[in-house]
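Asker: Build out the structure end to end from the sequences listed, making use of the hints.
Chains A and B, in that order, give the protein sequences. Each residue of the first sequence is one higher than the last, beginning at 1 in the working numbering. Each residue of the second sequence is one higher than the last, beginning at 380 in the working numbering.
Read the hints as simulated data drawn from the structure, not as lab findings. Every value quoted in this text rests on a predicted model; they were computed, and no experiment measured them. Cβ atoms here follow ideal geometry from the backbone N, Cα and C, with glycine treated the same way. Treat the hints loosely; a few may be bogus.
Said to hold, decoys possible - Pair ranges (Cβ atoms, derived):
1. B:G446 <-> A:R377: 27 to 35 Å
2. B:D438 <-> A:A4: 19 to 27 Å
3. A:A4 <-> B:T590: 34 to 42 Å
4. B:G399 <-> A:D371: 17 to 25 Å
To be verified - Not the full set, but computed from the structure, chain B residues with beta-carbon under 7 Å of chain A:
5. S458
6. A462
7. D477
8. F489
9. E547
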Amino acid sequence: MSAAALPGIRPRVLLHIVAAGLRGHRRRSLVTMFVMSLACLVVVDTSGRTDATRRTLLAALEAPALRVVRIVDRAGSAGLSAATVEQLRALGSVEWAIGLGQVGPIGRNATLAASRGGFGADAVGVRAYVGDLFGGPLLRLASGRRPEIGEAVVGAAAARALGLADGFGTVEDDRQAQVAVVGVVEADRGVEGLDAYALVRGGPGTAVTELLVLLRTSRDVEPFVARLGDFVPSREGPLGIERAAELAALTEALAADAGALDAAVLWGALATTAALVAALRFGAVDERRREFGLRRSQGATRSTIGAIVVLESAILGGIGVVLGAAVGAALVVVQTGLAPDPVLLAAVGWLLALAAVAGSVPAAVAAAWRDPVEVLRTI
Amino acid sequence: MIGPRLLVRSLRFGYRDVPGLIVDLDLSVAAGEMVAVRGPSGSGKSTLLYLLGLYLRPDGGSIRLDGQETTSLGDRERSRLRAHRIGFVFQDAGLHPDASLVDNVAEGAFYGGASYGAARARALALMTRYGIAGLAERRAVQVSGGEAQRAALCRALVRDPSLVLADEPTGNLDPENAAAVIEGLRAAADDGAGVVVATHSPAVAEACDRTVLLA
Numbered sequence: 001m002s003a004a005a006l007p008g009i010r011p012r013v014l015l016h017i018v019a020a021g022l023r024g025h026r027r028r029s030l031v032t033m034f035v036m037s038l039a040c041l042v043v044v045d046t047s048g049r050t051d052a053t054r055r056t057l058l059a060a061l062e063a064p065a066l067r068v069v070r071i072v073d074r075a076g077s078a079g080l081s082a083a084t085v086e087q088l089r090a091l092g093s094v095e096w097a098i099g100l101g102q103v104g105p106i107g108r109n110a111t112l113a114a115s116r117g118g119f120g121a122d123a124v125g126v127r128a129y130v131g132d133l134f135g136g137p138l139l140r141l142a143s144g145r146r147p148e149i150g151e152a153v154v155g156a157a158a159a160r161a162l163g164l165a166d167g168f169g170t171v172e173d174d175r176q177a178q179v180a181v182v183g184v185v186e187a188d189r190g191v192e193g194l195d196a197y198a199l200v201r202g203g204p205g206t207a208v209t210e211l212l213v214l215l216r217t218s219r220d221v222e223p224f225v226a227r228l229g230d231f232v233p234s235r236e237g238p239l240g241i242e243r244a245a246e247l248a249a250l251t252e253a254l255a256a257d258a259g260a261l262d263a264a265v266l267w268g269a270l271a272t273t274a275a276l277v278a279a280l281r282f283g284a285v286d287e288r289r290r291e292f293g294l295r296r297s298q299g300a301t302r303s304t305i306g307a308i309v310v311l312e313s314a315i316l317g318g319i320g321v322v323l324g325a326a327v328g329a330a331l332v333v334v335q336t337g338l339a340p341d342p343v344l345l346a347a348v349g350w351l352l353a354l355a356a357v358a359g360s361v362p363a364a365v366a367a368a369w370r371d372p373v374e375v376l377r378t379i
Numbered sequence: 380m381i382g383p384r385l386l387v388r389s390l391r392f393g394y395r396d397v398p399g400l401i402v403d404l405d406l407s408v409a410a411g412e413m414v415a416v417r418g419p420s421g422s423g424k425s426t427l428l429y430l431l432g433l434y435l436r437p438d439g440g441s442i443r444l445d446g447q448e449t450t451s452l453g454d455r456e457r458s459r460l461r462a463h464r465i466g467f468v469f470q471d472a473g474l475h476p477d478a479s480l481v482d483n484v485a486e487g488a489f490y491g492g493a494s495y496g497a498a499r500a501r502a503l504a505l506m507t508r509y510g511i512a513g514l515a516e517r518r519a520v521q522v523s524g525g526e527a528q529r530a531a532l533c534r535a536l537v538r539d540p541s542l543v544l545a546d547e548p549t550g551n552l553d554p555e556n557a558a559a560v561i562e563g564l565r566a567a568a569d570d571g572a573g574v575v576v577a578t579h580s581p582a583v584a585e586a587c588d589r590t591v592l593l594a
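Answerer: In structure tokens, the structure reads:
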């Protein structure tokens, strides 16, 4: 049989040798494992906390109030209508939309007005609306029922002004036209201006001069504003557009900055880990010159020697990474109350283990290429 | 007809600072033959064994092991040949100090593809033959020099080699252990191996079939 065809070491035997090497050099093995654990702990803890902070901030920036766009047709010439509202509601990026008419005649509590013999009671603005007032998260029916066409609900402030604590009554304007009030609505941040109005549900022909649109995410705001012209029938008049654009920009910046910080921490940790492992493994290889020389003298190939060194590092790195990740994850939970992203944990673990293996390669090459005769002469 | 286990022709080798250490050396070792290599210190005895053990590459000439030319082989093939066909006994046993004696002996078969169990079984059989089976699980640092050298001999033989090389194998031993090692080498030759022993000892040389002198 030619030399090339002769069988080499079996993988299980190689693992026996690796295990014996780790047991035989406990101190160095523990130090290497400790370094790996520490590196993993630092990265997982730092990245985990950064990620938790980012998630908390992003969640705050995704509050509904910051996703509202208000479009005002001050001149009343844009041709906005109930149909425009329906078009907007059909968009995938739109979570909720209503249209509002102009602030109409001043309305007063008809009963109070009558009892006081005229217009002496507090007054509120009356506005028509189209769309599902309660279809989004910003407005809630506090009491009463949803209005039919021609009926009204009032904001909490308006209810107080009108003296309609239970939300039922009648509002009449200065022309003594009366509208039934069937409920009180609570308005959240973003649409809090509606709190002061009596809102009358309008029909399909209702004239709309203001749109309130809630986008699904803050990142949808700018693209929506950019496309808005597609839904405005007439572009002659200027439209006032109000939105929390700076917050959307902040969202992007925050995500990018946090990502850059994560990457910097990770790359730093990888480089440090690889350097430390390389130094430790070089030390171990130097300490074990005689052992590797003996193995070569017994027929171990260079690749076998290299594999021993790399496998030892992989095992130490693997154990160190698991321990470090576990402790790091526990620290993140204690510090932030949020569990680290498992994908982040897995990615950090793999990369650090790879860094450990990569760091051991120079030592493995040095061990494999050491001249066995140099060792044999000292035996 | 079976050819020689080892056939060396016109072998030349020198170190950078010691050129021409070995010049046109011819040597043939038959199966069952035990050859002593003698010469003063610095004459190249150990270097010759390293060349025959395929640790060093000669500057010229030919080394055939079981008829196969080895000087043109790469490191991997030479390692494979060592793992399968060459046993080496050093002056100091050269064992892994923290490993058990049986694992040290079994290592001699690991790199030739033996399983862990099979290597240990063969190691224990050889250790029984050479009277050290009772020390099998002792760490190498816990046995005497003679016992360690017998273990080193077992390690060299565990792969059933064609060629056994021994570099001053009795140099550190008392006469009783030295005799045991010489007996072991002779037994390896009787089993069909070619044996080359570098030695200063006239007693070892006498136990060999013939002696090659290096100047």
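Asker: None of the hints should be skipped; say for each whether it holds.
Answerer: Consistency of the hints with the structure:
Between G446 of chain B and R377 of chain A the CB atoms are about 30 Å apart, so this pair conforms to the stated range of 27 to 35 Å. For D438 of chain B and A4 of chain A, the Cβ-Cβ distance of about 24 Å falls inside the hinted range of 19 to 27 Å, so the restraint holds. Distance hint check for A4 of chain A and T590 of chain B: the Cβ-Cβ separation is about 35 Å, which falls inside the suggested range of 34 to 42 Å. In this structure, G399 of chain B and D371 of chain A meet the distance hint of 17 to 25 Å, their C-beta atoms being roughly 21 Å apart.
Hint status for S458 of chain B relative to chain A: holds, with the closest Cβ pair at about 4 Å, below 7 Å. The interface hint given for A462 of chain B is met, as the beta carbon of that residue sits about 3 Å from the closest beta carbon of chain A, less than 7 Å. About 5 Å separates the beta-carbon of D477 of chain B from the nearest beta-carbon of chain A, less than 7 Å, and the hint is met. A distance limit of 7 Å between C-beta atoms decides the matter here; for F489 of chain B the minimum to chain A is near 5 Å, and the interface restraint holds.
Of the supplied interface hints, the one on E547 of chain B is violated, with its beta-carbon coming no nearer than about 11 Å to a beta-carbon of chain A, more than 7 Å.
Of the hints listed earlier, the one the structure fails to meet is number 9.
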